[in-house]
Amino acid sequence: MKRTVTGIPWKKLGLRALRNLARIAGIRGRSRMKRDELVRAVKKEAAQKNVPKAAIEAAAKQALAGSSTRPPEKPRAERPPAKPAAPFIDRGQAIPLTYGRDVLRLLARDPDWLFAYWELTPRRLAELRGTYKDILETAWHLRLVEAETGFGAMVPVFVGACSWYLRARPRKRYHVELGFTHGQRFVPVLSSNQVRTPRSAISDSSDEDWMALKQDLTRLMRVDDESVLLGPGRVFASAERYREVTEAQLEMLRKQAAGVKRAAGVGSGAHARARRGKA
Amino acid sequence: MTTRTPSHAPLGYWLLVLHAHLPFVRHPEHEEFLEEDWLYEAMLETYIPLLEVYEGLVRDGIAFAATMSLTPPLCEMLADPLLQRRFSRCLGNLERLARAELKRTKGTPYEPCAVFYDQWLRKARATFERWHHNLVAGFRHFQDLGALEVITCTATHCILPFCVTKEAAQAQVRIGARNYEKHFGRAPRGIWLGECAYSDGVEEVLKDAGIRYFFMDTHGVVFGEPRPRYANFAPVYCRNGVAAFARDMESSKQVWSSEVGYPGDPWYREFYRDVGFDADEEYIRPFLHKDGRRRNLGIKYHRVTGRVPLNDKQLYDPAVARERAAEHAGNFLFNRQHQVRYLNGLMGERPPLIVSPYDAELYGHWWFEGPWFIDFLFRKMACDQQEIRAVTAPKYLFLQPVNQVVQPAPSTWGDKGYFEVWLNGGNDWIYRHLHHAEECMVDLVRRFKDTGPLIDRALNQAARELVLAQSSDWAFIMTTGTMVPYAEKRTRDHVHNFQGLYMQLTENRLEEKWLAQLEARNNIFAEMDYHAYL
Chain A
1 MKRTVTGIPW KKLGLRALRN LARIAGIRGR SRMKRDELVR AVKKEAAQKN
51 VPKAAIEAAA KQALAGSSTR PPEKPRAERP PAKPAAPFID RGQAIPLTYG
101 RDVLRLLARD PDWLFAYWEL TPRRLAELRG TYKDILETAW HLRLVEAETG
151 FGAMVPVFVG ACSWYLRARP RKRYHVELGF THGQRFVPVL SSNQVRTPRS
201 AISDSSDEDW MALKQDLTRL MRVDDESVLL GPGRVFASAE RYREVTEAQL
251 EMLRKQAAGV KRAAGVGSGA HARARRGKA
Chain B
1 MTTRTPSHAP LGYWLLVLHA HLPFVRHPEH EEFLEEDWLY EAMLETYIPL
51 LEVYEGLVRD GIAFAATMSL TPPLCEMLAD PLLQRRFSRC LGNLERLARA
101 ELKRTKGTPY EPCAVFYDQW LRKARATFER WHHNLVAGFR HFQDLGALEV
151 ITCTATHCIL PFCVTKEAAQ AQVRIGARNY EKHFGRAPRG IWLGECAYSD
201 GVEEVLKDAG IRYFFMDTHG VVFGEPRPRY ANFAPVYCRN GVAAFARDME
251 SSKQVWSSEV GYPGDPWYRE FYRDVGFDAD EEYIRPFLHK DGRRRNLGIK
301 YHRVTGRVPL NDKQLYDPAV ARERAAEHAG NFLFNRQHQV RYLNGLMGER
351 PPLIVSPYDA ELYGHWWFEG PWFIDFLFRK MACDQQEIRA VTAPKYLFLQ
401 PVNQVVQPAP STWGDKGYFE VWLNGGNDWI YRHLHHAEEC MVDLVRRFKD
451 TGPLIDRALN QAARELVLAQ SSDWAFIMTT GTMVPYAEKR TRDHVHNFQG
501 LYMQLTENRL EEKWLAQLEA RNNIFAEMDY HAYL
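These protein sequence lines are chains A and B, in that order.
Read left to right, the first sequence gives residues 1 to 279 (our numbering).
Read left to right, the second sequence gives residues 1 to 534 (our numbering).
These aren't lab readings, by the way, just hints derived from the structure by calculation.
Each hint should be verified, as a subset may be incorrect.
Pairs of lysine-lysine, DSS-like flavour, derived with a Cα cap of 27 Å [unchecked claim]: (1) B:Lys166 with B:Lys207; (2) B:Lys380 with A:Lys172; (3) B:Lys166 with A:Lys172; (4) B:Lys380 with B:Lys123; (5) A:Lys34 with A:Lys53; (6) A:Lys11 with A:Lys34.
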């Protein structure tokens, strides 16, 4: 049933209000429409009850109210009241997503996992495309190579992810290669640094080696004489006494240490090492 | 007054390490900044009370030995005049609140507690004034007395194994050591590796900077190669003579554990009931930041009570809590005595060493009674027994210079013992930027070293931005999930600044004005020398 909406001062409605009504009605191409076209389209939609009457009346009321104080042409009058701004969260300044360098890096996360990240520059990809036409359609892999055995495990990856976690074994040296399969062959494109996964158990080796650091210790223990005692008088008053006490303690420690049987020939510095004999 | 000094050799030794660290947070561009409060809270609740404990022990002639790692960013912040002024303002705010609380709680059961806070804050103010607003000077004083061993840390608490260039790893340690010299007037002997992160080769970087020992988690030594004869109850030497000390699990658990640890005692102060959230909005608003958002202010009237909802917490009584801290100190000592007796039997001629490292902020900030606990513990250890004695690492090495040579195992003290906390889906994106910046820095220094004062300034600032970006705290925060935008901001900002400097240097268009802005804002390490990257 066709029905016209009456009592609305269509000519007084601002462009903005009309666009808003057009948006509510879901009229396509509204942003390119001229004023007359908009009025026609909105009228048509309003007649089909596609625009809530309340919205039209509110727009009309606002237009009339605006007309009493200022010319209705001014779109400012129709601007909806400003919303309170959403709290600004500062996440820092922009940084590059890529650096224009071909890189593949491997990090050991724990005994069982490695982390690899990479960047493949468009230039490198273009070069590769010169030789291998289908590189973007083909399957890309990370080849995880265990250094001791040379065994390489192929892990299919999405090359656009730019990073991947890889399962590994404890206490092994690894490096990875990023590449694709061409026919039956794996073509490595980037190669990473080598890492070693941490140990996850007590060592089987009980081959003991002992070292003494004698010479350095005197230096290590020295209380700096030139150091100035900073601070308030109250603590300062007992500082001398305190130093005497700690010095006495040190002397005692020295005596004790002299009693510790050390392996003969030790003491020429950090690199002297000796098997510890039974005292 | 007689001084208690132990007279004969003990059965074992105890090495306390308090790791004091906060990331460098300084925002002169904002009058108030939420994350700066981390420093003020730690100063008020941990560093000042610890200084008071040391003062008391020295005053009473109690021989004690403690090790503290004061990281370079923390030292820089504690010595920074702007942050000192802001702390003073923050403390003044709390003092006003405490006085208001005296009036508000008059005649209520809360009154004794309010009186306690008023006095506690006065004492903190007096300590702060006594050290002329510079707490680093306080710690230095006790180090110079020989009671406290202050060790350094990687420059910005970075994870050394995640540096891909040797130059960047070396620079982290050298910059840290140099900063230590600035604040403590001598070269550092020991280091706390950021997050205790060790991997093969770290000892070489330490030796290069003249550092003699470092601390590790238990499995760092226990999983070492060959198997360490005394497990983690004696230090080991790396092949180049740098000593590694490993954490004792049992003593750690007694304090750390949220299930069975001391801090969960029903009589101790409840962290999560704070007057900042409990008081009327109108009343508390003048004491909050200008944004009016409620936050922890540090005056808390409730105790842990037990596993009950926050609104069922009972009233806190500082006197009872202090008694509990004394009991727990006694219990801790008792357990350590048992431990050394047992270990002594196993280890034969070798007195065992128990290494107990903790985050310093645990004492005081999280566990309010922690500093009292340390106070009682040292007193009991000096006066009540002779079986166990507190030592510092150099003293122990002096006593026991012969140690096994072991290649330590890669490890951290984080969750699961390896690097997952700092390398997971939530933060792994940062490493490509950090690694690229590292390589650029090394490149910059090689190309532009000693070419002019302005370029020198730019290189130094580039080094500052790089080390600030490398701080492990950002990756850690991204994992824990609170304040994540701030951690992202800091990582991006420093990488952005670094990249800007890199571009300007390489394209020969250095903007002095922008450089000066960066220097004023990120002013850590005034003594920065980019030659550390050579």
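Verification of the hints:
no. : hint                   : in the structure
1   : B:Lys166 with B:Lys207 : holds, 13 Å
2   : B:Lys380 with A:Lys172 : violated, 48 Å
3   : B:Lys166 with A:Lys172 : holds, 22 Å
4   : B:Lys380 with B:Lys123 : holds, 24 Å
5   : A:Lys34 with A:Lys53   : holds, 23 Å
6   : A:Lys11 with A:Lys34   : holds, 13 Å
The structure shown violates just one earlier hint, number 2.
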